[in-house]
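Since the structure of chain P is already known, use the hints to place chain W on it.
Chains as they are written, first to last, in this note's numbering: chain P, 12 to 446; chain W, 18 to 470.
Calculated directly from the structure, the hints in this document are not laboratory data. Since we're looking at a predicted model, the values are computed, not measured. We put the CB at the ideal spot given by N, CA and C, even for glycine. Errors might be hidden in some of the hints.
To be verified - Computed spacing ranges between beta-carbons, pair by pair: (1) W:L459 to P:E297: 33 to 43 Å; (2) W:R127 to P:G400: 11 to 21 Å; (3) W:V452 to P:H102: 28 to 38 Å; (4) W:K399 to P:L315: 50 to 60 Å; (5) W:E197 to P:G346: 55 to 65 Å; (6) W:E197 to P:S322: 51 to 61 Å.
To be verified - Straight line, CA to CA, 20 Å or less: simulated SDA-like cross-link-like pairs of lysine to any residue: (7) W:K284 to W:K308; (8) P:K394 to W:E94; (9) W:K399 to P:T226; (10) P:K19 to W:V125; (11) P:K394 to W:L89; (12) W:K415 to P:S229; (13) P:K394 to W:R86; (14) W:K415 to P:H223; (15) P:K394 to W:H428; (16) P:K19 to W:H118.
Said to hold, decoys possible - If you want the footprint, here are the derived chain P segments under chain W, 3+ residues with CB under 8 Å: (17) 13 to 21; (18) 41 to 54; (19) 58 to 67; (20) 76 to 88; (21) 222 to 229.
Spelled out from the first residue to the last, the chains are:
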Amino acid sequence: MPIKSATKPVSVNPLKVGQPLGGVLALQGMYRSMPLLHGAQGCSAFSKALLTRHFREPIAVQTSALQEMDVIFDADRNLEEALDHIWSKHHPDVIGVISTALTEVAGVDFQSRVKAFKRERALKDSLLFSISLPDFHGSLETGYSSTVESLMDAVLGLAGGKSPKKQRRTQVNLLPASYLTAGDVMEIKDIIASFGLEVITLPDISTSLSGHLLTGFSPLTRGGTPLDSACQMLESSCTIAIGASMERPARRLTHAAGIPYHLFTGLSGLAASDAFIHFLQKISREPAPVRFRWQRENLLDSMLDAHFYYSGASAVVALEPDHMLSTAAWLEEMGVELKRLITPCSTPALQKTEREVWIGDLDDAEESAQGVDLWISNSHGRKGAPRAGASFVPAGLPVYDELGAHTSVSVGYRGTMEWVNKVGNVLLTERGKGG
Amino acid sequence: MEPAVSNGRLEVSCGKKIPKSTPCPRPVPGEASGGCSFDGAQITLIPIADAAHLVHGPIACLGNSWESRGSLSSGPELSAYGFTTDLGEQDIIFGSEQKLHESIRYIVSRFAPPAVFVYTTCVTALTGEDIEGVCKAESEQLGTPIIPVNSPGFVGSKNLGTRLAGDVLFQHIIGSTEPEQTTSHDINLIGEYNIAGEMWHIERLMQQAGMSILSRITGDGRFREVGWAHRAKANMVVCSRALLGLAVQMERKYGIPYFEGSFYGAKETSYSLRQMAYLTGDRDVERRVDKLAAREEMRLSLELEPYRKQLKGKRAVLYTGGVKSWSVITALQELGIKVVGVGTNKSTAEDVSRIADRIGDDAEYIPEGGARQILKTVRSRKADMVIAGGRNMYMALKEQIPFVDINQERHKAYAGYDGLLSLAKQLVHTLQHPVWELTAKLAPWEEETEFAD
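Extracted from the complex, chain P is given alone in its bound form (with noise of 0.2 Å):
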């Protein structure tokens, strides 16, 4: 199916959020790390303050502090003095120096100045590394796939380029996608782990922005996969990619060391839940833990359960695009029309879904909303989709007016089910109102 845009010239009610913020999401699951935004303070500001409504922790992420001279001069300048900032009072384990839109049209040449840091402060254990993420391309979801990629590369030149002594056989390796909550990220480990396999997530914010109660200060993230456990990646015997943005940086692995990569566009829905489990079973050679089958059957009860709810009801999901797609998945299964999915930017795993898809904002979502029942997209909709009669459901990010948001699971069967319910709970509610 050919995808689809709005031909407003101007966005209305934007669901893009900008590529850094991707890249600052995906090193919150570095352990001891910090993104370091080459741009304006605000850039820092908005993104900092975005994620710490959404996920109601402290975000660690630091500045270059452009201002307009020393743009105009020498915005090198300002990033050596924050590189030297930031490693000498906290000694990060990974620093991650994103770009903003402001560095790229001022075409500074950062990428070299990391480098030259890199080599006069012979930074051997740490990981200090660039990453090109311009606002005017993509979206959070690009951003966050494209800093894995660097940082698996970046991790590829710790390791020294050479292959693995060993191979584990039951070690594998979990790439997930930006859109999977820290709960989602924690139940596929367990997933995984309880087939006897040993797992490590690159980045894994499941450790650092599900809500721990550690004491004592840091500006550094205070979970996330810490550098050792990623050089041992390569180890593995396999990679697992969640969501097709995460394909580029599971192949990364496999040209890099042979390790092969599945991937799996999704795991909500009752087909994607199977086909997880089925494959964890043939690589772990275990059959499937007994709770799984219980868990199975409670979805396909609660399925059953629910379809009075769902049958007929049409929906508008704005998402991005892995989250869209495997939104889509799950709510096809239960019978609702889709009737428009919206996604912020283009990605090459549009191209391949049968589904329409268009590119727009909530304001696009609004004008196909009328007459839907559903509504599913982030905070940002909480409006319109009244203005459209729609119910609301928060999804995404950011969701800053719902708690608990950032640690609810839509993967697997349990997962699937807590949605299941969640989304048919407000149906019911409508239908209670006699709408």
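Leaving out everything else, chain W in the frame of chain P:
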């Protein structure tokens, strides 16, 4: 234009005539926090509820920032819409003035707003787009004011952005319309953003005393009413040192006296109402304010009694900006709370001297350092709680320190007499919440357990 001293109004102005402006220190790369000038300009102007606010730049500037403030509107919701030209690579390479033209026309034809504010961002400033030219052309073409806001992020701090927005109001809007009717008791509120509906409390109080708000600048404001602000009898600068400049300019050009005040705490509220009444020059209004203040303070004192008992002697670290750094101190003191630490990083020299008037040397001054310094002060001064903005909230919670949000994202109104009661209740509920005991307890497997044989 020289200040019109001859009309005798200048003497009654209570603020400084010309705010001292010290150059803002350069932010330290790698250690900076806080927003940019674009942020400040948006914050100041977006509360004008019926206008459209169009951000001309790549997505992040608006995409990452919209709907993040708690300013409420009693009617129109257009300013809650996010409009951006969302520039792509082609737009940046080949120029996006045409796109801006089209965007403005689209917004005007579809939403028919009384005005469109067009915000410059770092990228469009850097590529040298003629935004003023576009705005001028479209204003003439469409007959709708299209107002350029030249405050890209990289020109400086959030405060500077607020000041630049004040200039925009002064140069493009104030004096552009005339009110249907005026009274001798018309006051403008400047720098009141109607966070959590605070302005509505204040408006009720003013009405009870026989005064009215002529222009709300800008909380719950309307474009036309900002235009007639020059017909007010007095200006009250509620918050933000940056908009003080606007009051000064209005005094110079229109001879409107101004004063700086706050509505946090009963004392400050009474003071502010008295100042307003004084500047209207109407003895009757002054008497009404006296009565109102006496009655409200009495009522409040009775209602506060149970909360005061529980708050007496509690120690707080206050970390907020500008006017709130001193006005909230008064409110807390009225509740019997001792302020043992106070942030001064966004305060002027004047603010700091006001802080000193209130707490002297009893408290630690925290000029910079954010979360780390706040925590240090909490520990060293044995504070019971932190009162600050959302940015530092989760830091406090992780350390299991009771926290009360005082800044713009909160959902409770603390202004006026009723506001002080709300604040007292919030503080007591926070301090006495059972969660503090629960989180302090160890898990059973972490406790040393002796197993009997």
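Hint check: K19 (chain P) vs H118 (chain W), CA-CA at most 20 Å. Holds or violated?
Holds: K19 (chain P) and H118 (chain W) sit about 12 Å apart, inside 20 Å.
For the hint 51 to 61 Å, verify it against the beta carbon of E197 (chain W) and that of S322 (chain P).
Since the Cβ atoms of E197 (chain W) and S322 (chain P) sit about 56 Å apart, the hinted range of 51 to 61 Å holds.
Is K394 (chain P) close enough to H428 (chain W), meaning Cα to Cα at most 20 Å?
Judged against 20 Å, a Cα distance of about 17 Å means the pair holds.
Does the structure keep K394 (chain P) and L89 (chain W) at a Cα separation of 20 Å or less?
It holds: about 14 Å lies between the C-alpha atoms, which stays within 20 Å.
At least three residues with a C-beta closer than 8 Å to a C-beta of chain W: is that true for the region 58 to 67 of chain P?
holds (count 7)
Taking a Cβ-Cβ distance under 8 Å as contact, does the region 76 to 88 of chain P have three or more residues in contact with chain W?
As far as the region 76 to 88 of chain P goes, the hint holds, because 6 residues have Cβ atoms under 8 Å from chain W.
Agreement of K415 (chain W) and S229 (chain P) with the hint, judged by alpha carbon distance not exceeding 20 Å:
OK: K415 (chain W) and S229 (chain P) at ~11 Å, within 20 Å.
Hinted pair K394 (chain P) and R86 (chain W), Cα distance within 20 Å
15 Å, holds
Cut-off 8 Å, C-beta pairs, minimum 3 residues; does the coverage of the region 13 to 21 of chain P by chain W stand?
holds (count 3)
Hinted pair, alpha-carbon criterion (20 Å max): K415 (chain W), H223 (chain P). Please report holds or violated.
Roughly 8 Å between the alpha carbons, so the hint for K415 (chain W) and H223 (chain P) holds.
Can you let me know if the beta-carbon spacing of R127 (chain W) and G400 (chain P) is within 11 to 21 Å?
Roughly 20 Å apart at Cβ, these two residues keep to the hinted range, so it holds.
With a C-beta cutoff of 8 Å, work out whether three or more residues of the region 41 to 54 of chain P approach chain W closely enough for the coverage to hold.
It holds, with 6 qualifying residues against the three required.
Hint violations for this structure: none, all hints satisfied.
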